[in-house]
Amino acid sequence: MDASSPTLAKIDQPHGIRRHGLPMGLAIAVLLASAIVIPQFAANQFYLHLANIVLINAIFAMSLGLIMSVGQLSLGHAAFVSAGGYISALAALNFKVPPLLGIVLAGLTTGLVAAALGKVILRLRGVYFVLVTFLAGQVFTLIALNWQSVTHGANGLIGIPAISLFGFPLATRLRFYYFALAAFVLVFTFIWALMRSQYGRAFGSIAENMRLAEASGIDVSRYQIIAFSLGSGIAGGAGAIMIHYIRFISPDSFTFSDSIAYITMLVVGGRGSLVGGALGSLFLTPLPEALRGLAGVQHILYGVILLGVLLFLPGGLVSVGRFFKRGLGRQK
Amino acid sequence: MIKRHKFAMLLCLGAGLSQPVSAETLKLGVLATLSGAGTAWGISMQGAAELAAEDVNSKGGLEVGGKKYNIEVVAYDDHYKAADALTATNRLIFDDGIKYIVGPLGSAPSLAVLPVTTENKAITMTMAFTPKALSPDFPFSFRPVIPTDIFSDPQIKWVAKRLGVKRVGALFPNDESGQQIAVVVEAAYEAAGAKMVSKEFFERERVDFVPLLTRVLAQNIDAFELDGNSPQTAGLLVKQLRELGFKGPIIRTGGDATADIVKIAGAEASERIYVHQSIDPSAPAMAAYTKRFEAKYKVPMNAFSPFFYANIQLMFEAMKKAGTVADTDKVRQQMLSLTGFETVLGKVGWTGQEQWKSNQQLDAPYYIAVLKGGVAAIVATCERTRCE
Amino acid sequence: MDYATLIGQATLNGLVIGAMYMLMAVGFTLTFGIMRVVNFAHGEFYMLGAFTAFFTYAYWEIPFVVCLLIAALTVGILGVLVEGALIQPFRDDETSGMIATLAISVIIQNAAVLIWGPAPRPMPDIVQGTLMLGPFSFPWSRLVVIAAAVLIFVTFWLFMQGTRTGRAMRAVAQDKETALIQGIRINAIYPLAFGMSVALAALAGALMGPVFSVSPFIGLTPMLKAFVVVILGGLGSVPGAVVGGILLGLIESFTATMFGSLVSDILQLLLVIMILLVRPSGLLGQREY
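Residue numbers (our numbering), protein chains in the order written: chain A, 1 to 332; chain B, 1 to 388; chain C, 1 to 289.
Hints listed in this document are in silico derivations from the structure and should not be mistaken for laboratory results. Do not rely on the hints blindly, as some may be mistaken.
Below, simulated SDA-like cross-link-like pairs (lysine to any residue); rule was C-alpha separation at most 20 Å, straight line [stated by the list, open to error]: (1) K320(B) - P300(B); (2) K247(B) - S137(C); (3) K263(B) - S137(C); (4) K247(B) - W116(C); (5) K298(B) - K320(B).
Facing chain A, according to a computed beta carbon distance under 8 Å, are these residues of chain B, among others [unchecked claim]: (6) T87; (7) N90; (8) F94; (9) D175; (10) E342; (11) I378; (12) T381.
Where a beta carbon is used, it is the ideal one built from N, C-alpha and C, also for glycine.
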């Protein structure tokens, strides 16, 4: 869309984990090990619940980052999350589809819908794309609200079953935690691998300069559709996971303000890095808890943080290290 | 930090030596919408909890099983979202160790939260009109506010007969309460021998009702039903109806909206409006409560507030009788056995077995009033099945 | 109510909301045409305009025409400041600019809730009474909105056509590079254009305040409609915004009167998708945006 906004593809591309080599690998191993071990000792169910939401929100933000890596901003991300939730919930409630299969189904369906939508708005770049994703989100809410025979309208769907693995239900917070962690690692690895493949290279050059990419023979529309449908599909799948955890969904569950929340997480964490979305979720998901009693201030704070990061730290929290390094370098 | 802790401990020891009976703390949770559009309801619930706590604390605490408990209110905002409400509930139960919750508010948050509160045996007071909030599956879910299902039949029968209404029109918001109330109200008019000839739904953000009202009025209705709409929407509807030249009676079967209707539409347009009134504002206990509430929160009291206050009064009484605050099973049973108990609402009891197979719906008298010169005058007093 | 009255009511009502959509969309499309900024906070400036009118008119009882001027000025100046401080840094970065306006929207709306509370406030009508024309009865309060909106738009149009600044703005909209070469000071034009754009939104809000009511949440629907209108009329096209706005108002009013609100909402969105498929640059828009 333009040249200067940092995106996933651009920064992660040529130098990634490999450049940092062993220390980075070690850091990841330590992080993962502590993520597995610590909950065994932390008995507080509330913190476990928060950790679960952090992990799922991180997937939402990372999948949005994937769409943004080709210079597209989706304002309908929450609608895909919601659609995924509804698909899996309805499949489980009406046809007894096991949740695990429902999640896959939700991911595939939302991905295909996004691909179809992408085809329709193929010619629409930049602003038109943003407006259409916004309106598509509104259309989805209208459908969920009014197709009462299927969605039960505003009352939502209750009694959604928990995910079960080999007949073993993940009904407790701790069991679900490991599932969410696995899903997070899976999505993280998938996007990381994607960014290092030929697709990632194409994404990178599109983000760098769309016109140049087009001129050099890259089918920009095709890659944008791929990124949009992959990102939206992952969001749909993760939406389904969330719904089997919360076990309730209504048209109000995921709305435009959630789309903004995912954008905030991504931007605050760092648009230019895969870790950004995760970091944004880790920082912003628990933040409301500090303000739970302070009505109304939370949203303002979210807005201020978002603006502040855009203005003063465009690379997001991820770039804090780089920021300091550069500062030190200059001093020398 | 550590030093200060030690110091505090010394103080406590000193105090403990001189005062053999030290007050313990009992936390009362509030889970409601404290920001955004639903704030008025949230404040009405928080206010009920805080005023009830004030009552008890000013008398040195609630005496249960030989111990005195000071009540501390912990209020969390749910942003009117199911996921947020669930997170706040997890925090109330697991982090704060709370077993008594004023809330949740709204159908979606309630349905998301009730399985968790039930599993952890936390007593809740729901502010949601969904029929699913009360069920034998949720033995700890109580509902102090009275849904349209309970009073629509007797009230509409009385009003329809008095006005000789045959053709009714209505607009409902396309949300959970609108969708439910539409069904209930339509059935009640059918039962009363009238017919709902025009019924329209609209998206919540809509403020221009003229096209829809024009459509409804084209059906030659002789009365208009306002139930299910927010107080402000009800006011806008009355204003725009009268502007379009509708002179017939307007009926509001549920929910207190008189103040907003008169404020928005003006006293002149508000003539011939028959409203459901859940409380009798002239009763001394109610007048005193209203005064206290408005002095403390500087906003007009929402008529739902005294229902929560009454339920908390019942709960405190039940704790005393049960002799425990730890065993919510016992408190629940004691609370259900309280009938004809005198509260701010007058004598209240429990109902709901017939509709929801759960006898945990608060039952209180209600009234029908007609607006004259901008003031509601009570014309009928109703009990469960009839109005007179 | 007979058929003719029904049509009369639907037309009048369509023109009232159409006039509001027109003012909203003209402002929205102006910022895009000149600055390439999609302003997601546009609806919040509508809300601020309505609140300004509420306090000046309902509280201080200043004549309504003066209230409109105050609303346009205060919100316009706020717009100039917001552009200078928060939008200018993203001049070459559309995506960040859009996200910044999203953040501004969140901040303004929630600050309004914090300061003024969430409850909608009714406002007294600007004029009382109804105009009786044969079988039709039109409330004056609504007729005034149409007249005022037309007047505001004509003033705006004359400014754009007749003044140096207006011509400079149009030059920037047509071709930024050439305008720069001709010595047009973009750093002065941008804040001014943004201020004017949000002042138009504020005027729309101030006009609609007395007809509906005023709350921190009233900005969303007009903004959504502005999106629909600019897609109908073409992003960046002022004539497109006028035609699209009035057309959308009439379509909405007639479909809602004939088929109800849900059909109306869904039809509008279908219309947008149709337009995008058949003529992606809008009815009156130019290609290549």
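**Report entry** Numbers of the earlier hints that this structure fails to satisfy, in rising order
**Finding:** Result: hints 1, 3, 4, 5, 10, 11, 12 break, sorted rising.
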